[in-house]
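J.: Listed below are the residues making up each chain.
2 protein chains.
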Amino acid sequence: MPSYSIIENFEVHKNNRFLEIAEALKPELLHKEIKAEKEIMVGKDRQMRTVITEEHPIENLYTKSLKRDDTVFVDFGDHAVGYVTLELSKTGSHQDAPVYFYLKFGERLEEMTDKTADYDGWLSRGWIQEEYIHVDVLPAKVKLPRRYSFRYMELRVIDTSAKFQLKIDGISCDTVSAVDMESVKPVDFGDSLLNQIDLVSRKTLKECMQDVFEDGPKRDRRMWLGDLRLQARANYYTFKNYDLAKRCMYIFAGLLFNEGKLSACVFTEPEMEPDDTYLLDYALFFSSVLLDYYEATDDLETLRDLYDVAIDQIRIAMTQLNEKNVVEDLGDAFWCFLDWGDGLNKQAGATAVLIYCIRYGIRLAKILDKQEDISWLEEKQAMLKEAAVKEFWDEELGMFVSGPDRQASWATQIWMILARVFDKETNCKLIHHVMEVNPRIRMVTPYMYHHYIDALIRCDEKELALEEMKRYWGEMIRDGADTFWELYNPYNREESPYGSSMVNSYCHAWSCTPTYFLRKFYMDNEK
Amino acid sequence: MPSYSIIENFEVHKNNRFLEIAEALKPELLHKEIKAEKEIMVGKDRQMRTVITEEHPIENLYTKSLKRDDTVFVDFGDHAVGYVTLELSKTGSHQDAPVYFYLKFGERLEEMTDKTADYDGWLSRGWIQEEYIHVDVLPAKVKLPRRYSFRYMELRVIDTSAKFQLKIDGISCDTVSAVDMESVKPVDFGDSLLNQIDLVSRKTLKECMQDVFEDGPKRDRRMWLGDLRLQARANYYTFKNYDLAKRCMYIFAGLLFNEGKLSACVFTEPEMEPDDTYLLDYALFFSSVLLDYYEATDDLETLRDLYDVAIDQIRIAMTQLNEKNVVEDLGDAFWCFLDWGDGLNKQAGATAVLIYCIRYGIRLAKILDKQEDISWLEEKQAMLKEAAVKEFWDEELGMFVSGPDRQASWATQIWMILARVFDKETNCKLIHHVMEVNPRIRMVTPYMYHHYIDALIRCDEKELALEEMKRYWGEMIRDGADTFWELYNPYNREESPYGSSMVNSYCHAWSCTPTYFLRKFYMDNEK
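Protein chains in written order, with our numbering: chain A, 6 to 532; chain B, 6 to 532.
Calculated from the structure, these hints are not laboratory results. Remember, predicted model here, so these are calculated numbers, not experimental data. Misleading hints may appear alongside valid ones.
No copy is singled out in the list; a pair is fine if it fits within one copy or between any two copies.
[Claimed, not checked] When the alpha-carbon atoms are kept at most 25 Å apart in a straight line, the in silico DMTMM-like pairs for lysine to aspartate or glutamate are as follows:
(1) K43 with D487
(2) K172 with E38
(3) K69 with E276
(4) K172 with E16
(5) K172 with E274
(6) K148 with E274
(7) K120 with E135
(8) K172 with D125
(9) K168 with E278
(10) K429 with E466
(11) K172 with E136
(12) K120 with D141
(13) K146 with E278
Just chain A, with the same shape it has in the complex (with noise of 0.2 Å):
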């Protein structure tokens, strides 16, 4: 089911101040070439899954004279985000006509037999990171000029002449990114898994930090509130780039919109500029955002700059309350995100994700000591939680329950244990019961998972937690990511939110946070 927003009459209140700080913070990115290490070959196994079925050294390909039809596959050996250029020349007779050719670029090797006609989803085809191009006069050196993310590319010959062939003397990629890998020391976690869990995680962060946080190098490109919570929080453990961090919470906080709202996300180009979409949580979480953000540099001018913004998105949810004192529930309509996913109802867990922010509110209140905000603050949340209780927690299930059919979901239980309405101790009973249980409406993202083993970790299950870290993202990398995927179904390697994986980012920010976890919590344990 598409889900995207409209918002009628979305009128932009712009805090220049605010943008400018922004603007003087935007980084240098760094380059660093990178040249295609092999030559693949490229079909299905049995159980009709694309694999290599040869690799040769690049040179391999570089003596070939590539004629109409003639299709190749380059492996660049990792994830790549930046700026391809191939070399060109011809073999044969003078080049008489234009040479006309194909490129596709995939992150994951799937992309490479996708059929982009057989697309049929509801985000954008142009999406496909693919490419039509003439070249009239060779050698050439193709600089391409779009940012593409990948790993795989694959060049097909639509046409050359019948009195010369395309040559490819070299193919790299200009790289870029805020920061640097080699800037992050990796740690010994005693586990080989974990040790490639942790860098996987770090090698998402990195690809997705451009001029600002991005969602994924691939598709969206925008800085998604939500995902840069997770993404700050993965980088004060790994790179440690407050600037950007600082730079990304002026941006939203410089672009509200309507009521003083923040927007989910914002676009940086050709202007910045917010999105009209409103989710519930991920305006909430700014108080989060701000609040990790401290913690992590003790900037309290920033922290004053920001406060009134991140309290006024509890003000502003405050107002969506029902009579029964709970958010009201929008149903299908896309107002609140949790997570991807059909059919999961969002009110008990908007609830909670309230819940759980204004905690944030209290905290960022009494660095700066306003007396009164706490005050209202500690009221509405004992309100909160004696409402969420009353409305949503089923006794004979065991757990919250959410929206007109009572849905017992992952989701509306892990936000009520983060937003702690119960104590520790009912809190670890819960997720045990669930996972006894395992409620038929799962988790379907990384972005969800990361709350999941949160949540564990809260109820002091450590070990659990780093099983299920293993068992998760460590069967991603076992099924080929090089990079943490924006969806990660064990059971369904093509689930996607989109109608087709065609146009699903396989290194996707808010997967990145296993390197969090295990850097936070498990690093005096393990070493």
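Dock chain B against chain A, hints included.
T.: Using the frame of chain A, we list chain B on its own:
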């Protein structure tokens, strides 16, 4: 049948002095911006011919919001050669995905309904003027880097997103040519169709006058020697750009290959280089090109520089005679052009072209007073005329025949007339006989029709020549030509030597010569 040549052990003998002279004569191209004129709708009529079904001011297009699969057509109002710029923006919410669209440029309306996927010709598919373009950030001024030759443009939106639509705010073309239409005064030939033929001829020539005399600005773009001969002739009676003609002669003469042969065509990029294609008739024509230039300019220095190259081509051709003193028949190989069209045997025509060019050689030799050359050339001319009659004349048919099947074609008769193998009176009888008999192997190209018109005029049939010009080139105009086509068969609009009319050139230099005939032979009469 594919016709091309690949010469093994191809060795180029560059004459750097000649190439430097050519380089110094490189024209500064004139630029003129034009704007798209109309939005049109394109469909098929009952005879399945492509037609314009609706037309609107271009402003109509600029109000539209375009989304996935929307297709629009644009008419620039006249043929253009240049660089297109699209001014694009969006309607709806902020652009949240790349906009992806397809562009196609066509000289003829049919190109707007041709399906590229159906192309099965033997020339490169790369000649079809189409592009697939992603624009990541709107608004954008997209200046396409490749030069197109077109009047019509299709834009099909492959995708936007659910949240925004593509808007076109302007479409323009920076047209280029070495010459300016306004520099030639129109002449009133007392007949609106003739005036129109003169105009379209000049337009065709202008579009092909770029860095060199191009063959066709859509396809080929290089310079062919046989085509240059006709272009230069038309140029001397219109634009009078003598430097461009001189430049082209020096390029050809500066790029001889094995045995001092002139290539049938040369490439100018990435650097000057001859194609590995030798066509006997094209190489021989250099004497004609040189004499035409000298007569137009009195430039004796150039004549002295290039004389040897011209005479050498005759010497080389003389080595290709068989024991009967006529040119050896090389059958279906691509060895002599004369005309496109399946099945034309070229032995007799090639012999006639040799005789014709010896006449030009003698005139060149006389200007420079080269007595030895004059004697040798006159002797060979006499020998060849005798051999041609003996070998090719069929008394019973009253026509010349060619090849093992004794084929009597239009092309053979016309070249024998132009070669003046017989006296004028006999030639006149022959041309009438041919018209009466109408041999099955007819003329296909305007290039061959040029020689037919030339033959009629040489036989004092000026009125008939005028009627034939009106019938052939006039019919092309009635068939929608804004510039004259490479190929024109009034009985088959889709005729193509390349297996598909999609890659035919519809602005082709060799078709521009009616303006030469009109202005050389008909101006005093008609004024």
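J.: All the hints need checking, so say for each whether the structure fits it.
T.: Structure-based check of each hint:
no., hint, verdict
1, K43 with D487, "within (16 Å within a copy, 51 Å between copies)"
2, K172 with E38, "within (22 Å within a copy, 37 Å between copies)"
3, K69 with E276, "between (45 Å within a copy, 24 Å between copies)"
4, K172 with E16, "between (53 Å within a copy, 22 Å between copies)"
5, K172 with E274, "between (37 Å within a copy, 18 Å between copies)"
6, K148 with E274, "both (22 Å within a copy, 19 Å between copies)"
7, K120 with E135, "both (11 Å within a copy, 21 Å between copies)"
8, K172 with D125, "between (35 Å within a copy, 24 Å between copies)"
9, K168 with E278, "between (52 Å within a copy, 15 Å between copies)"
10, K429 with E466, "within (12 Å within a copy, 110 Å between copies)"
11, K172 with E136, "both (18 Å within a copy, 22 Å between copies)"
12, K120 with D141, "between (27 Å within a copy, 22 Å between copies)"
13, K146 with E278, "between (36 Å within a copy, 20 Å between copies)"
When each numbered hint is compared with the structure, no violation occurs for any of them.
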